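Enquirer: Go ahead and model the full structure; you've got the sequences and the hints to work with.
Line by line, the protein sequences give chains A and B. Mapping of the first sequence onto the numbering used here: residues 1 to 291, in sequence order. Mapping of the second sequence onto the numbering used here: residues 1001 to 1219, in sequence order.
Incorrect hints may appear among the rest.
[As the list claims (entries may be wrong)] With a Cα cut of at most 25 Å, we get these calculated DMTMM-like pairs of lysine to aspartate or glutamate:
#	chain 1	residue 1	chain 2	residue 2
1	B	Lys1135	A	Asp147
2	B	Lys1144	A	Asp147
3	B	Lys1117	A	Glu102
4	B	Lys1135	A	Asp219
5	B	Lys1117	A	Glu183
6	B	Lys1117	A	Asp147
7	B	Lys1135	A	Glu205
8	A	Lys155	B	Glu1121
Think of the hints as simulated: they come from the structure by calculation, not from any bench. Please read these numbers as outputs of a predicted model, since none were measured by experiment.
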Amino acid sequence: MTDERIGAKDGKSEMTGMNGGHAETGGGISAGVAETQAASGGNAGNAKPDVMIRVENLQKSFGKLNVLKGITTDVARGEVVAVIGPSGSGKSTFLRCLNRLEEPTGGHVWIDGIDILDRRTDITRVRQRIGMVFQHFHLFPHMTVFDNICYAPVKVKGWSREQAGAKAMDLLTRVGLADKANEYPSRLSGGQKQRAAIARSLAMEPEIMLFDEPTSALDPEMVKEVLEVIRGLAHTGITMLIVTHEMKFAREAADTVYFLDNGLLLEKAPPDKFFTSPQTERAKQFLDKVL
Amino acid sequence: MNLDFGVLADKWQYLLGGAYYTLLFTFVSALFGFALGTILSLFKISGIAPLRWFATAYTSVFRGTPLLLQLAIIYYATPQLLNYKISPLLAAGLAFGLNSAAYLSETIRAGIMAVDKGQREAAIALGVPYRMMMKDIILPQAFKNILPAVVNECIALLKESSLVSVIGVADLMRRANIVSADTFRFFEPLIFVGAIYYVLVLLLTALANRLERRLRRSD
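Expert: Next up, the structure:
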């Protein structure tokens, strides 16, 4: 897996070079993480993996409550990451810091080489490259499903209505909702709402997709249809981070599992490795409870 | 009983004509108040402290003093201060608009706060700039939520507009007073314009109900 990424990145070597300085600091801090992808470090000399998201010592506190206590990691372009951990471990906050829906209180985040915490960075432009899917969908209730999807491409990207409309219908077909285009969100089931919300994010042609517990608010019989859509996106070139409690899905769809506990990234491993031989006691306890 | 609606035989058209001024004036001040109220509500939720202070002070002053006093100051003091002879209609529209903006800004602010926080986050995550998000996502939902309260404000404006009779605008109330002075009869002209006010309020309510039904289409 690591070798593939190294191969894919050649075209972007300039960008990676820019981050060279940060990479060293990042490596130092992440030393505490049970790192199973040791190979990437060894190849640093000639070719580094194409890093889409670089997180360095990320911290977030709400008043006196430290939710993230220093997370460091790199997510490669096209990588699918499942973020798991007990509730309150900081999974959602971690995700929300990546597009600055939450303002980090410390550390650094680079998206495709852009320091998003730099005051001079136009965060709105960066966000246009990052899709986000929420637990509670957050479709715009006063617009039809079709308008929900067309809105941002037309207003933000300046696409023509025809172009955006064609894209919307294409996406609705892909998520199995072509017949619901002219319905208002209130007429859809939870699973349909979430698929429409995914289509809305995809309409912006994001390079990164963040899924914040996308199936946690759904009735059990609707979980599958949403997971199938997400699974269909994996390995199409989009970098994906999925906060989820669906262990089976994490195991099957992800390249890497992040195990967060108490604001720290305790483990980072391919799913096979993580689910069969977790390295930390906390992960073992967690897996005992959920599996 | 001394009651004779016959005295209105040649006056009723004149009285009814006052409805034009009453409506014009309600419409203008409601529109002005709504526009200014929206701006003030955005000031109140803004991250820029001086804008918040200004909007808060504005609301405090315009809610804290009588409307009739504000009307008198604008109508009588403008010529003295600015050397500009302000027309009664303009003065009244200004006073009522400024006043209702103070009330509406609070209503609209509450409407904005009541829109689910997730709507904002969804728009932000899509990379929608703040102004567009407010205009296309947040305010339409806020306005829908507060429509009943805005209708209340419009009805109040329509009735309070009778205050403008004191500065000589020939609205319904003023005309009833003129007819009373002409005929030395009070009950008939007053009850007649009273009925007109009531019908106007009923019409306004019916209009608002239709609008509300249309907006509820998406529910």
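Enquirer: Are the hints correct? Go through all of them and say.
Expert: Here's how the hints hold up against the structure:
no. : hint                 : in the structure
1   : B:Lys1135 - A:Asp147 : holds (15 Å)
2   : B:Lys1144 - A:Asp147 : holds (18 Å)
3   : B:Lys1117 - A:Glu102 : holds (13 Å)
4   : B:Lys1135 - A:Asp219 : violated (34 Å)
5   : B:Lys1117 - A:Glu183 : holds (23 Å)
6   : B:Lys1117 - A:Asp147 : holds (20 Å)
7   : B:Lys1135 - A:Glu205 : holds (24 Å)
8   : A:Lys155 - B:Glu1121 : holds (17 Å)
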